[in-house]
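Student: Each chain, letter by letter, is given below.
There are 2 protein chains.
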Amino acid sequence: MSFEITILGSSSALPTSKRFPSAHVVNIHERFFLVDCGEGTQIQLRKFKISFAKINHIFITHLHGDHFFGLFGVISSFSLLGRKNDLHIYSPGNLQNKIYSVINKREISFNIFFHRLEHEGNKIIYQSKSIEVSAFPLSHRIETYGFLFKEKQKERNIIKEAINKYNLSIKDILSIKKGNDFITEKGEIIPNHKLSKKPYKSRGFAYCSDTKFKEDIIPYVSEIDVLYHEATFAKDLKDIAEITGHSTSEDAAKIAKKANVKKLIVGHFSTRYKNTDIILQEAKAIFTNTQLANDGDKIIIPLKR
Amino acid sequence: MSFEITILGSSSALPTSKRFPSAHVVNIHERFFLVDCGEGTQIQLRKFKISFAKINHIFITHLHGDHFFGLFGVISSFSLLGRKNDLHIYSPGNLQNKIYSVINKREISFNIFFHRLEHEGNKIIYQSKSIEVSAFPLSHRIETYGFLFKEKQKERNIIKEAINKYNLSIKDILSIKKGNDFITEKGEIIPNHKLSKKPYKSRGFAYCSDTKFKEDIIPYVSEIDVLYHEATFAKDLKDIAEITGHSTSEDAAKIAKKANVKKLIVGHFSTRYKNTDIILQEAKAIFTNTQLANDGDKIIIPLKR
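Residue numbers (my numbering), protein chains in the order written: chain A, 17 to 321; chain B, 17 to 321.
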């Protein structure tokens, strides 16, 4: 039951030779979700050995080039590889128009469904039996959304030995998994905790980039396992962060602290930082469990009861 | 007096973790010309330490994505870096429309001049005092042009000692550089070879990608110092090359041999070749001085008299 985030690009608008523009893959139960798709995403996918074929959903935060210029190459390569599966792309703005101005729609071997984000608050935009993805507005220079990936609340796990012992039917099992006790034919009440175990906790990942410090998002990312929050600048450039609609190291850490998340990843670094240690130090001073994003990093969220 | 070609991308349509899509920089006398601009070109420019600011002319062979998807990032980054210099882009088709559908023209900090290629034969499309660039049609699935970069014919070099010895005026010098003899006040004829040396030979580079085997181009690339000719496939895939409008190792080598070029570079390899030695071997069997293109390779054309 995988839940892993791979950083494909950790730079801000200008890439460097070590940091590609924004792109990430979230692998939940072997479903692969692409989050932002900066230039060179397809090159990074190959480099970090992520199968193109497993990606059916792409989430674009906003239409600044460093977050979507890789789509042209990804879509073209999917098509060259003969893809047939539908592709769903979620973004604000008119992304469809940009894509089809560059790539001839008739030459694409599969269907693309563009889902335009245009809402307030936190709204579910995709769900499967076990996964839920929602989007919420961020505060940047143009319309921008953050994304929240969550496992749905799991049911309790049945204790296998109990099935034979009490001769449980499918109906009984479904009831027990919901937390109910079981009553035998003789009228004996077997308490649920003897029949089932606590389920694994639902895991979650939140992605917030690009954005100014925005306290409104705290309820959405509260208690989350991993929060990725941009930290384009160190704290001394707070003014530039404000003007450009970005966050500092301290902004990201304050959100993490107030939301009581378990781990903070900071990324989207300005190219002025040849060494990003200052950003890490400043964030850690406020929120200890902070990690810098580097291209190729994999963050695993383990299963816990 | 530099004349260097740097390979930024040597893959065909699909990039690999080692080979980016088509892109090259030609440095002639410290003027930098970009030839094709596949996805990730700006990343490669940084990696190979080529100054963005020196690029004022970009030549795009054709509008397949692997030859121009990098333009979005290059133009955006130029703008983010505050570029003011004009940029000239040469290509067939309506490239301007594609660029401005994706990037807001008003947000670009400099002027772009799009030069649409639409001609037969070999036509000069750019020239400076010392350099000439021409374009000629290739034979691919869509309208495609090859490019020829040449130093203009140089004048003879004056022998410095002769200037004082014969008290030469500027007018005399200009005449001698053109190959004329000099007549002293006393009427003595000084033959030109005592006053000037043979000039350096004009150097040239030809770029032919993507294209089928096309003998028509031979006169244009005849005797050139370096010919880059695509060799997407080994010879056993001649049929696929024909259908897709590409060349094999043998096709490229035959053009090099018939045109009597000095050096052949083959590139634009299909991703099916994890090892491209077969392509090199097959080409060398026909044209010995063949070299494989690899990302980061620099080919220097030395000055010769």
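None of these hints come from the bench; they were simulated from the model. Hints are supplied without guarantee of correctness; some may be wrong.
Identical chains share a label here; the pair holds if one copy fits it or two copies do between them.
As the list claims (entries may be wrong) - Straight-line C-alpha distance at most 25 Å; calculated PhoX-like pairs for lysine-lysine: (1) 70 <-> 290; (2) 63 <-> 314; (3) 100 <-> 168; (4) 210 <-> 65; (5) 230 <-> 320; (6) 168 <-> 290; (7) 181 <-> 139; (8) 228 <-> 254; (9) 278 <-> 194; (10) 290 <-> 176; (11) 254 <-> 63; (12) 139 <-> 213; (13) 187 <-> 210; (14) 279 <-> 214.
Values in this document were obtained by computation on a predicted structure and should not be read as measured data.
Student: For the identical chains here, do residue 210 and residue 65 meet the 25 Å Cα criterion within one copy, between copies, both, or neither?
Tutor: neither (44 Å within a copy, 67 Å between copies)
Student: Using 25 Å as the alpha-carbon threshold, which applies to residue 187 and residue 210: within, between, both, or neither?
Tutor: The answer is within: 17 Å in one copy meets 25 Å, while 109 Å across copies does not.
Student: Which holds for residue 181 with residue 139 at a C-alpha limit of 25 Å: within a copy, between copies, both or neither?
Tutor: neither (44 Å within a copy, 88 Å between copies)
Student: With identical chains, the pair residue 139 and residue 213 could be close in the same copy or across copies; at 25 Å between alpha carbons, which is it: within, between, both, or neither?
Tutor: Classified as neither: same-chain Cα gap 31 Å, cross-chain 78 Å, threshold 25 Å.
Student: Checking residue 279 and residue 214: alpha-carbon separation at most 25 Å within a copy, between copies, both or neither?
Tutor: within (24 Å within a copy, 71 Å between copies)
Student: As a check of your reading, is residue 290 near residue 176 (CA-CA no more than 25 Å) within one copy, between copies, both or neither?
Tutor: Intra 55 Å, inter 49 Å, cutoff 25 Å: neither.
Student: When no copy is named, should residue 168 and residue 290 be tagged within, between, both, or neither for a Cα gap of at most 25 Å?
Tutor: Answer is neither: 40 Å inside a copy and 42 Å across each miss the 25 Å cutoff.
Student: Can you tell me if residue 228 and residue 254 fall within 25 Å by alpha carbon in one copy, between copies, both or neither?
Tutor: within (10 Å within a copy, 56 Å between copies)
Student: Is it within, between, both, or neither for residue 254 and residue 63, if the alpha carbons may be no more than 25 Å apart?
Tutor: The answer is neither: 35 Å in one copy and 30 Å across copies each exceed 25 Å.
Student: Is it within a copy, between copies, both, or neither that the alpha carbon of residue 63 lies no farther than 25 Å from that of residue 314?
Tutor: Both, since 13 Å and 24 Å are each at most 25 Å.
Student: Evaluate residue 230 and residue 320 at a C-alpha cut-off of 25 Å and name the case that applies: within, between, both or neither.
Tutor: For residue 230 and residue 320, neither the intra-copy (30 Å) nor the inter-copy (64 Å) Cα distance is at most 25 Å.
Student: At most 25 Å between C-alpha atoms: does residue 70 with residue 290 qualify within a copy, between copies, both, or neither?
Tutor: Close across copies (23 Å), not inside one copy (34 Å); limit 25 Å.
Of the numbered hints listed earlier, those contradicted by the structure are 3, 4, 5, 6, 7, 9, 10, 11, 12.
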